[in-house]
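Protein chains: 2
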Amino acid sequence: MKKPVNPTLEDVARVANASTATISRAINTPDKVAPETRLRILNAIRELGYTPHSGGRALASNRSNTVGAIIPTMANAMFASGLQSFQEELAIAGVTLLVASTGYDGKHEFSQIQSLITHGADGLLLIGAARLPETREFLALRQIPYVVSWCYKPDPKILFAGFDNHKAAYGMTMEVLRQGHRKIAMIAGISEGNDRASNRIKGVKQAIRDFGSPAKLLKVMQTPYSQTKGGDAFANLMHKPTVPTAIICGNDVLAAGAIVRARQLGIAIPRDVSITGFDDIDIATTVYPTLTTVRVPQRRMGRSAARLLLELLTTDNKPASIEFETEIIFRESLAPPPS
Amino acid sequence: MKKPVNPTLEDVARVANASTATISRAINTPDKVAPETRLRILNAIRELGYTPHSGGRALASNRSNTVGAIIPTMANAMFASGLQSFQEELAIAGVTLLVASTGYDGKHEFSQIQSLITHGADGLLLIGAARLPETREFLALRQIPYVVSWCYKPDPKILFAGFDNHKAAYGMTMEVLRQGHRKIAMIAGISEGNDRASNRIKGVKQAIRDFGSPAKLLKVMQTPYSQTKGGDAFANLMHKPTVPTAIICGNDVLAAGAIVRARQLGIAIPRDVSITGFDDIDIATTVYPTLTTVRVPQRRMGRSAARLLLELLTTDNKPASIEFETEIIFRESLAPPPS
Chain Y
384 MKKPVNPTLE DVARVANAST ATISRAINTP DKVAPETRLR ILNAIRELGY
434 TPHSGGRALA SNRSNTVGAI IPTMANAMFA SGLQSFQEEL AIAGVTLLVA
484 STGYDGKHEF SQIQSLITHG ADGLLLIGAA RLPETREFLA LRQIPYVVSW
534 CYKPDPKILF AGFDNHKAAY GMTMEVLRQG HRKIAMIAGI SEGNDRASNR
584 IKGVKQAIRD FGSPAKLLKV MQTPYSQTKG GDAFANLMHK PTVPTAIICG
634 NDVLAAGAIV RARQLGIAIP RDVSITGFDD IDIATTVYPT LTTVRVPQRR
684 MGRSAARLLL ELLTTDNKPA SIEFETEIIF RESLAPPPS
Chain V
384 MKKPVNPTLE DVARVANAST ATISRAINTP DKVAPETRLR ILNAIRELGY
434 TPHSGGRALA SNRSNTVGAI IPTMANAMFA SGLQSFQEEL AIAGVTLLVA
484 STGYDGKHEF SQIQSLITHG ADGLLLIGAA RLPETREFLA LRQIPYVVSW
534 CYKPDPKILF AGFDNHKAAY GMTMEVLRQG HRKIAMIAGI SEGNDRASNR
584 IKGVKQAIRD FGSPAKLLKV MQTPYSQTKG GDAFANLMHK PTVPTAIICG
634 NDVLAAGAIV RARQLGIAIP RDVSITGFDD IDIATTVYPT LTTVRVPQRR
684 MGRSAARLLL ELLTTDNKPA SIEFETEIIF RESLAPPPS
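If you read the sequences in order, they're chains Y and V. Each number in the working numbering comes from the position in the first sequence (counting from 1) with 383 added on. Each number in the working numbering comes from the position in the second sequence (counting from 1) with 383 added on.
Just to be clear, a hint being listed does not mean it is correct.
Under the rule of at most 20 angstroms between Cα atoms (straight-line distance), these lysine to aspartate or glutamate pairs were calculated in the EDC-like manner [claimed, not checked]:
(1) Y:K540 to Y:E517
(2) Y:K490 to V:E471
(3) V:K490 to Y:E472
(4) V:K490 to V:E471
(5) V:K490 to Y:E471
(6) Y:K490 to V:E472
These are computed hints drawn from the structure, not numbers from a lab.
Sequences are here, hints too, so could you generate the full structure?
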């Protein structure tokens, strides 16, 4: 069959062998359509390149000028400056930002996406690439314009404005090894349903494997991102028979918690044990000793995500993903191990 | 005229001496109605106790199960834990939270309120009592259910779940005086359009006035809430001919910035100068020396705000405002002045 230039709902119906009413239902109320039918319709939509609103420019006239961001948590400043610059860039274009949070729960993410779309958001900013199948399907069926940030992978189906968590964690671990550490531990975030956390763990493991003997990863502890939890994990690691000389933390919140707890326990950082972070948010310099960490270019990333999303919403362009580089910021908490 | 039990749009039209179409316009698109007409209609609505949706219980059936929170900033963790518990409490009732931020700008607050209401929010959480006249009028005309938090005053027209900023700042200042300080300075937030910031300044001034000679408020510096700005203000104060022995900060972010800068300048806290904060967020214990500060019961406050709002949305009750007490948390950054 010849592929139509401007595929219509009728074209989708023909290819999917379903009525136009069923196609509409699959797009607007997917719960009311059997999964196998939805899959057939989704494949037809993809094959034909059908968009429910016949192209970005047409969509532009229907816009509510509101965009949604769905972030894992508002409970600390991890996403704050990226979100702030995302909002500032949208404001220049006269677009309002509404934010919802998921508590790192995939089901919540899905319901928040549905809620934002129901309330008229034109497009979305999502964090990370791990997503429930039903969420992916909803995004695809509804042809919702969205940008994924805080991660990057070479996947042409998804539009990223992010960075490679695996590579960044790998680089920090190699630096820790280069400074002479051989007994290393990690305090990581919960990896389930969080690709940033799991890729940081994989990056650390890979670097230690690549470096080879006698470098050793003593332990990876997974814990929620809070200073108290980071402190608890630190205390736990320092009570084991074999004590690490360096602890790589999954983010700055965990690392700050470890440093504060070290002071309370009378353990000197970095003399007794080195600590590294990830993110380079404000607390990296609030804490004492100050934190050696991976700098994520949050402001540039947020701005780019906004520009990509606006391009999706207002033009017929297919913009390309942007990968940002991270860098290691050297401060006081990392030093060679005690000799 | 006898006041009708269930006032209708027609009753409002009669009392306001306007057409029902004009009443509708004043409620839904106030910009299209002359200010004096709007005022007349607003007075009629208040006089009659008219609600556009004829009472809370009726409203309940039209609910979109979404509530909006409009906070000054997402750029640091100042509102994070209160917002988190607000959201958790709403989630129990199956209500979704959407958040927008204003950048401490009254005009932005108004446009974000309009945007959330347009996108179907059933009710709102607002921060602070300072509000543009047009915003107040919009809230009143549209009869939008809302709760105000992070402040409290005995005003029966507004539903508060908050605390008295003046009283809290007064209490902290009296404690600083009690410990022997007589040369005091303040690093405050920007007071314009921010009643929390201005009431904290007033509380400090009042306490020093009430204490009397020889206690002296050397200087109040107003600066945006950022650690860098707090550090800059601290450096500025410590370079003046008369140096304070205690600096009261408008919040923990400013205080943490001051403590970090003191370390960089070789000034010992609290030996050379004492520092106090306000909020008791995480950085109060991340920073070293740890911060003596005013604890705001954010979690209880957020939970109560959610309960009050849900009560407004689902019942015909008229719940009463709740005032929370703050307390001083003693840590390392406050000590008697050098003798």
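Consistency of the hints with the structure:
{"no.": "1", "hint": "Y:K540 to Y:E517", "verdict": "17 angstroms, holds"}
{"no.": "2", "hint": "Y:K490 to V:E471", "verdict": "15 angstroms, holds"}
{"no.": "3", "hint": "V:K490 to Y:E472", "verdict": "18 angstroms, holds"}
{"no.": "4", "hint": "V:K490 to V:E471", "verdict": "29 angstroms, violated"}
{"no.": "5", "hint": "V:K490 to Y:E471", "verdict": "15 angstroms, holds"}
{"no.": "6", "hint": "Y:K490 to V:E472", "verdict": "18 angstroms, holds"}
Checked against the numbered hints above, the structure breaks only hint 4 and satisfies the rest.
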